[in-house]
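Student: Starting from the known structure of chain A, fit chain B onto it as the hints suggest.
From first to last, the protein sequence lines are chains A and B. Anchor point for the first sequence: position 166 equals 166 in the numbering used here, and the numbering is continuous, going up by one each time. Anchor point for the second sequence: position 212 equals 212 in the numbering used here, and the numbering is continuous, going up by one each time.
What the hints contain is simulated information worked out from the structure, not anything from laboratory work. One thing to keep in mind: the hints can contain errors.
Said to hold, decoys possible - Below, simulated BS3-like cross-link-like pairs (lysine-lysine); rule was C-alpha separation at most 30 Å, straight line: (1) A:250 <-> B:5; (2) A:273 <-> A:333; (3) A:288 <-> A:36; (4) B:71 <-> A:210; (5) A:32 <-> A:229; (6) A:273 <-> B:5; (7) A:36 <-> A:142; (8) A:103 <-> A:32; (9) A:229 <-> A:210; (10) B:71 <-> A:288; (11) A:210 <-> A:32.
Unchecked claim - Each pair of labels, with its calculated beta carbon distance range: (12) B:191 <-> A:157: 38 to 44 Å; (13) B:126 <-> A:267: 38 to 44 Å; (14) B:64 <-> A:35: 47 to 53 Å; (15) B:189 <-> A:41: 54 to 60 Å; (16) A:39 <-> B:64: 35 to 41 Å; (17) B:20 <-> A:269: 29 to 35 Å; (18) A:350 <-> B:81: 40 to 46 Å; (19) B:98 <-> A:17: 34 to 40 Å; (20) A:17 <-> B:46: 54 to 60 Å; (21) A:269 <-> B:81: 51 to 57 Å; (22) B:25 <-> A:267: 29 to 35 Å; (23) A:257 <-> B:98: 21 to 27 Å.
The structure displayed is predicted, hence computed values, not measured ones. A virtual CB, placed ideally from N, CA and C, is assigned to each residue, including glycine.
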Amino acid sequence: MQFGIFSVSDITRDPISGTTPSEAERIQAILKIAVKAEEVGLDVFAIGEHHNPPFFSSSPTTLLAHIAALTERLILTTATTLITTNDPVRIAEEYAMLQHLSKGRMDLMLGRGNTAPVYPWFGQDIRQGLPLALEHYNLLHKLWREDVVDWEGQFRTPLQGFTSTPRPLDDTPPFVWHGSIRTPEIAEQAAFYGNGYFANHIFWPTSHSKRLIDFYRQRFEHYGHGTRKQAIVGVGGQAYIAKRSQDAVKEFRPYFDEAPVYGHGPTLEEFTKGTPLTVGSPQEVIDKTLTFHDAFGDYQRQMFLIDHAGMPVGMVLDQLELLGGEVVPVLRKELASRRDPESAEAPTHAGLVAAKYGEGPVRQPRPNANRGDNVTGASPYQDSAPAAEYPEL
Amino acid sequence: MSTAKEPYRLAVVSAGTSDPSSTRMLADRISSRVGSLARERGVSVEVEVIDLRELATEITTAIVSQLMGPKMTRAVEVLGRADGVVASAPVYKAAPSGLFSSFFHVLDNDLLIAKPVVLAATAGTARHALVVDEQMRSLFAYLRTMTVPTSVFAATEDWNSSELGERIGRAAIELLLLMESGFAEQVRSESWRSYQHEYGSAGGTELDIDLGSDLMRLAAGGAAPPQRRAE
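The shape of chain A in the complex, shown without the other chains (with noise of 0.2 Å):
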């Protein structure tokens, strides 16, 4: 079981203080924040992507090659990478160079995203968002598995002859998740890849995110990668902590109130009694979070929001000591001691490795010298297929 935090990069006034940090500061308070995450013992760091402001995070595979030199031991991820409006060439290049630098201490989670203006920003249109997302995942999914890849479809400039460099770590693509709070067809292309399902358990019930967890442990087994118990199920939950259940809410409550998703809308106490997010003791979170393993089962990582609404970087690194010091080691337990030995490991790079190859050798692609092509001659990689070989003149 892995636990981290995600954010989505906001920068937002701080309501007691009455200011906005700057770029420059939220990016740097940022940096501190995963180098806490990783220090305090968390194991997932996950960043947004947003190409508007008030958010920062519009190239995450820089940020997180950065906070992959200076951790050791973090998981770097996303919160979610857009798989609509981004070229998924683009992001089989860019992540696989982030899983070498990272040295496979990175995952990434794929979502639609939901600012429409993006979508044109792009050259993309939002009504046409869930099949973009479908077909850019399906031929990611080739990219980083075919060393050469023809390929055509509705949405993007056909492809003849193409290779995506480098090729992966240890010619081992990169996990994918595929977050979704309410659409079955991104639960079904997890399943039917045997990739990790990620429900953002944040503004809804429980109920409403087991529906779909339980529908894609039934694909996932259905496509033959398992049993449901082996499905690899992410979470997504928020927190606010205190040693004193009434001063958690006594010091999230202004930032609850003006939160840019839910502030002047319902009170702290509609929404924590409505949705999983949680506002209390550590004892408070950490019962709270142990009734979604009593809905979802065994699941694999567990994600919190607690970065957010303009809090500063002090508070939220206050809330790192309190986590990683207070709540995971004794969720990391219970959880333990609840874990069926059946369901899956959460996925790392390692395991990945050893699934794929056992105790085989590790496939290092070398390429052939450039010749201006992959369409001709053999494959680019030297160990694929025989040499070209070219008349004589």
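Tutor: What follows is chain B alone, placed relative to chain A:
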């Protein structure tokens, strides 16, 4: 075969803001007339009232955050199981009240498909008389309800007129006959799939997943359905 007929379930939605309110009174007059007409025909009517006044903060919360509070959740359940609906709004500024419209705005588009509805409104002046037909009817057409032909409108001076009682009687029998016909149930059982739904829509009851759709084939590695990209 003479078995006792199941009672009709009638949902009354009132956006009156005072207690007692004339908007609620109008709705009650309609629902009790439906009840008495039904009894004459040997059926009883179970009325469940949704007083939007009590849901006001939950309605605004649902608009801005999609969070459905417990009273909204109950209201959706009541409407979901209703055989017929009486929807009654006060007219403000030449339109049905915002509270009334907002409530229907946050419902799923497919919650009320084919259900018979009586539309009613109250106002301080007869100049608002066409609000029901010109504004409320279009909202309910969007929701694909079966609105009855007679609209019930009551301005201050109508409360003492026998014509209002006649219009109430007309609307009530129209609603009753539509409920009796089983139209909504039949449309839903025979044609439900031909309406647009989302996963979890219809108040959380629409949970069927069509594994044979074009999009599902695309999800499972197939080719995208041929469609022109929108220009």
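Student: When the hints from earlier in the document are held up against this structure, which numbers fail?
Tutor: Of the numbered hints, 1, 5, 6, 7, 11, 14, 18 and 21 do not hold.
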